[in-house]
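A.B. asks: Chain by chain, the residues:
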Amino acid sequence: MFVLYRSLKYFVLLVWSAFVALPFLWALTTSFKTANGVVSGATYIPWLQYEPSLEGWKVLFRGEGKGIDIITPYLNSLTVTLSASFISLLLGTLAAYGLSRFSWRAGPIRNADITFFFISQRIMPPIVLSIPFFLMLRMLGLLDSRAGLVLVYIALLMPIVVWVMVDFFNNIPRELDETAMLDGCGPLETFWRVILPNCKPGLVVAGLFCIVFGWNDFFFAFILTFTETQLLPVAIVSLNSSVTPWWSLSASSLIAVVPLVILAFVIEKYLSSGNLAGAIK
Amino acid sequence: MSLILEAVGSMAEDQMHLADINLTFEKGAFYVVLGATLAGKTSLLRLLSGLDQPTSGAITMDGRNIVEVPVWKRRVSMVYQQFINYPHLDVRANIAFPLQRAGLPGDEIDARINEVTALLGIGELLRRRPGELSGGQQQRVALARSLVKNADLLLLDEPLVNLDYKLREQLRPEFRSLFGNNTSAIIVYSTTEPLEALMLGGRIIILDEGRVLQTGDVHEAFHNPACETVARVFNDPPMNMISADVAGERIILGDGLVLPRSGHLAGLPPGPCRIGIRANDLNLEQSAADDMELAAEVQLSEVNGSETYIHIHHNEVSWVVREDGVHSYALGSGIRIRFNPGRLFAFSSADGRLLAAPDNLVSGSAVMEG
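Protein chains in written order, with my numbering: chain A, 16 to 296; chain B, 35 to 404.
Bound-form chain A, shown alone (with noise of 0.2 Å):
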């Protein structure tokens, strides 16, 4: 009985690395082929199997002349992303801490209407929030840039941050941010050195989240931004052409994955490290 479900378990297990890891198998086999690599069906063995070739990951870095660059758009992308995170975490916990801890009203207006709105700004589909963006963005002389992808990004990601970060203050006791104040630290620095502390799986869950959305955002990129410049989704869309380039799409979107696979390893050594479970009890 024992053995059957331990070989059933493995057996799931298997099936569902396979289900994860295989896709990025194909793909790393596809981006070393050449068109009659790719359509001669799906082969996995270089040399025995098809052809290896460099063309799909020379296209990336402006290969033989033609094909694009890929380096600009890659540090766009990160620069964006980051910026935009780093400002809608700190904003947003900034805001969260008050909507917590503080009595807020406007007539009939509370603390709870208030995190509703921030989170409502959510609830409308992406096309709705493009074309007031694209005007806002027009006006403020900051389309096809940096700055105004960034503005975007705040707008979509902080009510996020403050979504998730306002449960997390909810369940840290006020009597600990009274016994920081007792203990001389002023508002801010409980804030900073107390409270701050003590929500770190909100932190990191808030952060991957702005992370993943900003990295992997195409629309917003798409519509915002012509030449100047341009995020790395969309430059992976511009390599498709009348015939599909399946090999450098698949080598770029390779390397579009590897910030995130980075992410996964190192928040997998702190959820491992027991940092983030039992924070306050």
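It should be emphasised that the hints constitute simulated quantities derived from the structure, not laboratory data. The structure displayed is predicted, hence computed values, not measured ones. Possibly wrong hints are sitting among the right ones.
Claimed, not checked - Straight-line distance between alpha carbons at most 20 Å, and here's what the computed EDC-like set of lysine to aspartate or glutamate pairs gives:
#: 1; chain 1: B; residue 1: K107; chain 2: A; residue 2: E204
#: 2; chain 1: A; residue 1: K215; chain 2: B; residue 2: D124
#: 3; chain 1: A; residue 1: K215; chain 2: B; residue 2: E166
#: 4; chain 1: B; residue 1: K107; chain 2: A; residue 2: E193
#: 5; chain 1: B; residue 1: K200; chain 2: B; residue 2: D270
#: 6; chain 1: B; residue 1: K200; chain 2: B; residue 2: D358
#: 7; chain 1: B; residue 1: K107; chain 2: A; residue 2: E70
As the list claims (entries may be wrong) - Using C-beta positions, here's what the derived DEER-type ranges look like:
#: 8; chain 1: B; residue 1: P104; chain 2: A; residue 2: N185; range: 21 to 27 Å
#: 9; chain 1: A; residue 1: F117; chain 2: B; residue 2: E158; range: 47 to 53 Å
#: 10; chain 1: A; residue 1: M139; chain 2: B; residue 2: M50; range: 45 to 51 Å
Every residue gets a Cβ at the ideal spot worked out from N, C-alpha and C, and that includes glycine.
On the provided structure of chain A, position chain B as indicated by the hints.
C.D. replies: Just chain B now, with coordinates in the frame of chain A:
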């Protein structure tokens, strides 16, 4: 140094938490705030700390109004009934936290931490996080963090209430020795338990429904409760009460138990009054010839530690008897209760004021002072 509250009131969301509080706290003294749950003990301590502001009245320290001084600029410590420590810091860093914020030099911080951790017996735990400690250890850490600051005002809000019985028993005498030789601070300790107040000694402030009912020496207040409410709050179980009528040379309790109007009760004015007796002044055996006797019915008997509380009922009488040892009584069984008329309290039936208290030289309640 003295901290004075004048006509202080506190309201929150249209609810009165404290009303017309006039109190003076002197440096070097130990104050016990006694009151039932929701009496306003925590509200009072929060006003003293500066965490909350009064809605009326003045709070002055050495003549200076301190209502506007923010908490982090005061020299106040507070121990909560929940065990509050910084979860992300180890025990040593927890205790060092207020000293670092005050900008003390490292060697002095070390010296103070060594002193306070030795005093509280937590020297072995310095590298642990609060989450890895038992409740008792966590509260010791919180206490250490509060003591290490040498604050002018140390507030303890029912610090033992969330600990188990054994730990409470162990920590109470420790508290007495910890606070016994305090000369520099005002210490305010709140509790719901009369026994705790009596063991800790010092001065008492008895609160009920947001008002101060009595202040003064703890034992003095125990022997002479200012009113019926104090008698109820300051006894566990609450003092047993019955209506009585003083007529001529007789006092008629309830539905006909007759006492001579003599001894400390001789001065009672004629007319109705309320008579009170402590649970441990009610006996099952006859101990003196002039004991009064009452037949009643057992409603409930509960064992608490090594004592038994018997709830008895007879017409108007609905009393609790405390008996040493563990006993069991059948529900509804008949029981005979004896008591010494010399142990009775008398209160005005009009305003609850104390009219007569037993002479405490023949104290039968010495047990409580253990």
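A.B. asks: Would you mind marking each hint as holding or not holding in the structure?
C.D. replies: Against the structure, the hints:
no.	hint	verdict
1	B:K107 <-> A:E204	holds, 13 Å
2	A:K215 <-> B:D124	holds, 16 Å
3	A:K215 <-> B:E166	holds, 18 Å
4	B:K107 <-> A:E193	holds, 13 Å
5	B:K200 <-> B:D270	holds, 18 Å
6	B:K200 <-> B:D358	holds, 19 Å
7	B:K107 <-> A:E70	violated, 69 Å
8	B:P104 <-> A:N185: 21 to 27 Å	holds, 24 Å
9	A:F117 <-> B:E158: 47 to 53 Å	violated, 40 Å
10	A:M139 <-> B:M50: 45 to 51 Å	holds, 46 Å
Hints 7, 9 from the list above are not met by this structure, while the remaining hints are.
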